[in-house]
Structures are given as structure tokens and as C-alpha cells.
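K.L.:
Residues per chain, in single letters:
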Amino acid sequence: MNPPRVADLLAEPILAAARVVAGSAGLEREVADVRWWVGEPVSVQDHLVVCGPESVTPSYRLDALVRRTGDAGAAGLLVVGATGRPLLSSIRLADRLEIPVLWLDDAEPVVLVQELTPRVRAPDLVRARTVERLLRQLAPRHTGQDIVAAAEGVLEAPLALVTSDGTNLLGPPIELDDALHLDRPVAQRGRAILVHPVLDPDGNRPAAWLACRVERAAESRLGELAAGLATTEPFLRAWLTAQRAHADRDLLFRARLLSEVLAGRDSVSRDVVEGAVSVGWQLTDWHVGLHLSCDDRTVGDQRTGVPERLRAALVAHGITLTEAVDRGDGWALWSSTEAEPGTADARALLRAVRLVTAALPREWGLIAGIGRPHRGPGGLAETLAEARDAAHLASSHDFRPAVEHSDELGVARLLATWQQSEVTRAFAETALAPLRSNESLLATLRAYLESGGSVVLVAEALGVHRNTVTARLQQVRERLGVDLDDPSQRLALQVACRSII
Amino acid sequence: MTGMSYDVLREITAEHVDALASGATLLGSGGGGDVALGALLLRRMLQDGDGPVPVIAPGDLSADALVVHAGVGGAPDVLTERLVDPDDCARAVEAVVAQVGGRLEAVGVIEIGGLNALMGVVAAARLGVPVIDGDLMGRAFPRVDQATLAVAGHPIAPMAVVGPFGDTVLVTRSSASAAQALMVSSAAAFGGAATLAMFPTTAGTLAEHGVRQSLSACAGLGRAFLTVDCEAPAAVVAERIGGRLLCEGRVDQVRPRSGRVPGSVTLIDRCSGGVVRVDHLEEYLAVTIDGRSVVSAPEVIVALDHRARCPIRTDEIRLGQSLALATLPALHIWPPETAGAVGPGAYGLHLEGPAR
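Sequence lines, in order, name chains A and B. So for the first sequence, this note's numbering puts the first residue at 1; every next one is plus one. So for the second sequence, this note's numbering puts the first residue at 1; every next one is plus one.
Calculated directly from the structure, the hints in this document are not laboratory data. For clarity, every value in this text was computed on a predicted model and none was experimentally measured. For glycine and all other residues, C-beta sits at the position ideal for the given N, C-alpha and C. Where hints are given, some of them may not hold.
Okay, the calculated bits of chain A under chain B, using three or more residues with CB under 8 Å as the criterion [stated by the list, open to error]:
| hint | stretch |
| --- | --- |
| 1 | 62–69 |
| 2 | 79–90 |
Pulled from the structure, derived: some chain A residues nowhere near chain B, Cβ distances all over 12 Å [unchecked claim]:
| hint | residue |
| --- | --- |
| 3 | Leu27 |
| 4 | Pro41 |
| 5 | Arg184 |
| 6 | Ala230 |
| 7 | Gln243 |
| 8 | Phe253 |
| 9 | His465 |
Residues from chain A that face chain B, not an exhaustive set, calculated with beta carbons under 10 Å [to be verified]:
| hint | residue |
| --- | --- |
| 10 | Pro58 |
| 11 | Ser59 |
| 12 | Asp95 |
| 13 | Arg96 |
| 14 | Leu97 |
| 15 | Ala255 |
| 16 | Leu257 |
Please take these sequences and the hints and turn them into a complete structure.
P.N.:
See below:
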């Protein structure tokens, strides 16, 4: 193992308060040992020399000390507990001799030498001591926060639990850098970071990463930190396992509770009410339902995170939703208020959901429907049903994310019901069959019906001449054998056209 | 006396005043007080009939001839601005003569560095007696107990301290350290400065323990310095005054003294790049280059302004100033055992000596 450099030692927590007052050009000198200054008789070649205030008081004495340690080949000079500031002559001399002079205002020199010496000479000892302290500190901790905080205290370095995409779960924000290969579940070192995988309780892949920010450190310190992360990981994994068991139990309970509310409508049993209170649902309030689903089934395990991300984002818009309940085809969420929400609230909610879903990853293919406000347990069932219908309609759009509000549906909803009915489809298949072989005729018919029977508009929309449109329409009339001037025929054909898109 | 030889002065006339003042400033080692007012006073006295003042060596007098040393003491700032009355100098010497009895044969100079080099001559001129070609310090020191006679164990008292209104304090008996304290407190009582007479002694004692020929050396040094071409490089100037150039550079930091704790000046030697620190109180005490002291008290250190070619006192050093530091040959060889009285240790400096 390479000996630490002066700058490495400076990164040790025990020297966190030390300042480099001079000779920074020598910070990369290697340190072979740490030595209390007693004068020339003891060789200090390549040593970090530590001295107390008496060696530099009055301040001019530092000149001679710098020169003497410099002549003796010391790697650096650490002045502890001196009150004054060094003279410029000392600073210039140390710069000239390239001897780093470190200044530590308030420290116990004996402890300092004791702590620094094993770090230079016996890093294994330091590592063993750290692991032992960690084990003792971590054993009584149960929550993730406690575990990370305790480990941070022992390792004296910023520590965090982050997901592979950089989302911070616990501890201070720590940036992952792109030098890391987060697809490989092994401990790694980035540019200014050490990471250790926290394995998924259900498989041999990382559920998250235990990350430790380390700007600059000796190899021994990196070894100590790596050992510390490896020691902390099983504790975090155990906590994650417990968390997941809790969450699963909770999810099941909520799903059952909601289905009972929806089934019971306004006559819910006492058990259900108690259950609802225990999870914080205000059944008797006004409710606005939200149905959320996504196209992309491969989002898989991450799916459970989707409604949580939406909820968290909506909080920023001042909208609080209940926790999501999985309903198989999506999640049901709702907000409850004591007073009846106004139309402005409905618009604000729609707008907020549109903004928030637009900000979430497009590849999830998010679809959301929002119901109208209704009151009581029965109202909850109603608004959720409306929300689900609205989501259904939204899913028919060819863009994502798609959000619909049941208030805005009206005609569109009626049409959607028609378009999706089997009767309409069957009619469309047979009625339009003669045009199936000719795409341009079908397009012309569709454009003619949608434009309200205007040849001019059709010509513009399709980019062809008016006469061409007229000729094609004549062909359509002949093939289908219908009268396009009859409103009933036109309506039937228009519905048919829409349903086969 | 090493380095240069000077013409021996026989008498002091108005023509000698500039050379004397200039030499005294150089020998002040950066202290000793401003000579300007003293030089004006002495020139006027010598022009107005008080002179010329005969200069004699102690050996020219009979061994038991009485010599009293005269000068001024107190705060340099006050001495720079307040004109000294030559009659006060005469009064102080007469008070001491009256106390010891006998006839005054000559007046001696207490210190050859700074204002006091001239004040001994002023006293002699007013009293109409010769002045001794010598002094008791060979440079400027801040304390009277650092005089050669005091170091050799001779008493400072009887000592007279005379204020600007003729108020006279006569100390008939005193230890060396008490004499210093009494002088300082009396001068403070007299408004910060006073004229002094002390060290009544015989020509024989002076011949043995005094610094010899220092008035001649001072005038010679001053003359040499005044005749140097003002465009000459610092090394040439140092050579012309018999000294040795230590370094040249721009002042990077001035850390003022605080009470009795020496202050320091930092500069980087333009030629060698060495880091130079000059410790000082009233005088320059030591020059340390790269953590090794190369010159220290009682050797004389001269700081020369690069441009104006005039010696710079410790209180005149400014940040950014371009300085040349030189050392002058000693007028007096201090035996090693006197280091505790006149060396850096006397000022609380603990220096690392030069590499042997």
C-alpha cells in the first residue's frame, strides 16, 4: 500500500479543522511517519512533524523551525494550538522550501499524534477498529435513517442511500458520477464517491446503493471507508426487507378496504369505517377521484413507485391525495375535503395533473382520469368510477401522457361508448368493406364526413384537386351504394369510420 | 576598529556636523533617534562662537582626569520635535560634577548611534571643555545599562536628569537597572524627554573600557556616505562605508513591535530569492535569511532606502519600500560573555545562529 500524502492526511476527519498556511506546493509529499518535534537528534526524514505553540512563540521562531525541519527532510509541519498567526517570512520560507505548514488552532497534540500515527503506519488497525465500532453502533438501530446516521458518525464522512437513477432515499444528497457501473452489483469507486450495493432482498441485484462522498483520501482511508460500507450494508438490507414486508401488508389491507367501500356504497359496515379511519381516509367528506394507469407494463416493479411520484409532485401544487390503492388495471387515488370543491378546483386539479404527468418519464405511458366531486362513501365509489371511465377515454388518445376529466367528456364519452361497442364495429367492418382495398377512397370519405360535407376543405386537407375529390366521392357512392346526402346514412358512416381507426 | 581607517578628528567645527550626523544615523542601527534637530542645534552653536570643540583621546588626559558623559534620553518622538536647551546639558553635567567633586576635564559621548552622538558635543561646546574621541556603546542601544562601562561593572550614578525648565533629578547611588528605570520615569515626568549626565569616570578607566576613536570613525563614516554617488548600486554604497551588503528587496510585511516584543519586517532578497526577516525594537536587532540569523546585535545593521540613499530608521519602514540591508564593521569588539547584555537575548529574541 502506498504511503499517504500530506494532502491525504489533511482529508482525515481529525484534521478537518486544519488549514494549510504555507508550502502548499509540498502537499503531495509522502508521509512515512508522524513525529512530535523534539529537535534534530531524532531523524524526521519524510515525517509529518507535529509541534505545539511553544515552538512557534514568539511567531518569528517558526522561521527557524521551518528551516530546520526542511533541512531534516520532513514531509510537513503541523502546528497545534498556536494562537498567533505566522509571520509572512515563515510563510514565504515554507513556500520556498516547499514544506507544507498545517495550522490547527484547537486540538490536543498528544491525541492527535496518537490518532494520526496508526493511520500512517498501521491502517489495518484503524480499519479493524472502525468495523468493530460500526458493529457495536449499528446493532441497536432499526430504521434506515438511524443506521445511516450511526454509520456516518463512525465513519465521519457524508453517507447516503441512493437509487441507481440518483434519487436520494436517506442521508444528504450525494451525486453519483458516470464513472460508476451501476449495472454491476459490486463495490466501486467513482471520482469523488465510494458506492456499495445494497442487494435486493428478493434477488441478487442492487435495490439501492450506499454512497459515501470522499473528495480526497489516502488509500488506507479509502480502505477504511470501503470496509465501513460493507459492514453497514447487511443492516440496511435487513431494514429494507422489513420495510417491504410492511408495505406489502399495508397494500393488501387498503385494496380490500377500498373494495368493501365500493361494494357497500353508502351502507358501509362499522369495521370498514374503523379500518378507513386507521389508514386516514375521511369517508364522509367530499371526494375527487383519480384513476391512474400506464401503458408500459415493463415498468414492472418500479410501478409501485409511479403513483408515489405523482403524489409527491402534486404536493408541490398544493394538492394532497390519499395513498394509491392498486385496482388491477391501475391505481385509485382521491382527495378528500370537508367543503364541496368548486369548478375552479376541478380545473386546477386537471391542470396540475397534466403538468405533473408531463414532467414524469414519457415512456411510462401515463394515463389519468379525474372524476367529479361526490360526497360520502357512495360518492367515493362514484367519483372513482367516473375517473376510471375518463382514464379509459384518455387511453384512446394517441399521445401520452393523456389526462381527461369526466366533466369535459359529455359528447366525447357518448361517442367513445358507441365507438367501442361491438355492434358499431361489426357494422363498420361490413359497411366499409368495399373501401378496404382502396385507402385513398376511405381517407376521402372520412375527410368528407369530418369536414361537414365540404369538397373544398377535403381537397385542401388531402392536397388534391376538387375534381379529384368529386370523382372519388362518386366512386364511394357507387361502391357503397349509399346516399351521402342522407343525414342518417352520413352519421352511421361517420361512426363507422371513427371506430375502425 | 576594523574595515576602514579614518582621519583622527582634532576638533569639531560647523563643517563636521553633517558628516557626524550622517555617521551617527548609520551607527544608530535603525534607532537612536532623529539627528536632524540635534544637527541644526550643534551647527548653530558652532557658528555662533561656542566652538570649535577640541577632540581628545582619553590617553591625552591624565589618568585621573574627570570625564562625565552627557546626552539625552526619553521618547524618540518627543526628541524629534522638542529642541534641547544646551544649558540643560550643561546643568546636568554640572550637577554630577558637583556631586562627585573635582574639576571637569572633558565630556564623553554616551552612545555614538543617533542623536546622542551630537548631544555629547553640544554639552562640551556649552561647557567649553574638550569632548572625548570615543563613546560607551559603539552604536545605539535602548538602555543605559548596555554601555561598556556598565557591562564592565562601573556605576552609572551619580546621574542627573534635567527637564526643559531646569528641574533636576540627581541620583547619587543606583544599580544599573534602577538607573535605567529612574531615567525613564524622570524623563516621562519631564514630558517624555530630558537631558542626562552620567558615568562620571576617569580618563584612565575610559582608556581601558570605553569605545575608542568612535567620534572620528563616525565623522569618517558620515563623510564617506555623503560622498557616494547617489546613482551607485547598494553593494557599492555598502563597500564605500566599509560595510557588507546583506540583501536587497521590497518590504512585503511590516509587523510592528508590541511593547517589549520585537516587531519584524519581511522582504525577499532580489538576488538569491531568500526570505529575509529583520527583527527590531527601536533598533534593528537581527537579520534572518531563510530561517538562519546572519547578523544580530550588537553588530550594526543599516537599512538603506534604495532610491533616496538615506538610512531608514525602524519607524520609517513602510510596506512596499525598496530596502538594502547592510552590516557595518563593529566599532567595539564585545566579548562573548557580554552577549546576555547586548546580544539578541537581551531583547527577548531566541535566534538560530548561522550554519557553521
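K.L.:
Indicate, hint by hint, whether the structure satisfies it.
P.N.:
Now the hints, each set against the structure:
1. 62–69: holds (count 6)
2. 79–90: holds (count 3)
3. Leu27: holds (20 Å)
4. Pro41: holds (16 Å)
5. Arg184: holds (53 Å)
6. Ala230: holds (48 Å)
7. Gln243: holds (61 Å)
8. Phe253: Since the minimum Cβ distance to chain B is about 75 Å, Phe253 (chain A) lies beyond 12 Å and the statement holds.
9. His465: Answer for His465 (chain A): holds, closest chain B Cβ roughly 90 Å.
10. Pro58: holds (6 Å)
11. Ser59: This hint holds: Ser59 (chain A) lies near chain B, its Cβ roughly 8 Å from the closest one there, short of 10 Å.
12. Asp95: Holds, because the Cβ-Cβ distance from Asp95 (chain A) to chain B comes to roughly 8 Å (cut-off 10 Å).
13. Arg96: OK, holds: Arg96 (chain A) within 10 Å of chain B, min 6 Å.
14. Leu97: holds (8 Å)
15. Ala255: violated (76 Å)
16. Leu257: Status violated, d = 77 Å.
Going through the hint list in order, the structure does not satisfy hints 15 and 16.
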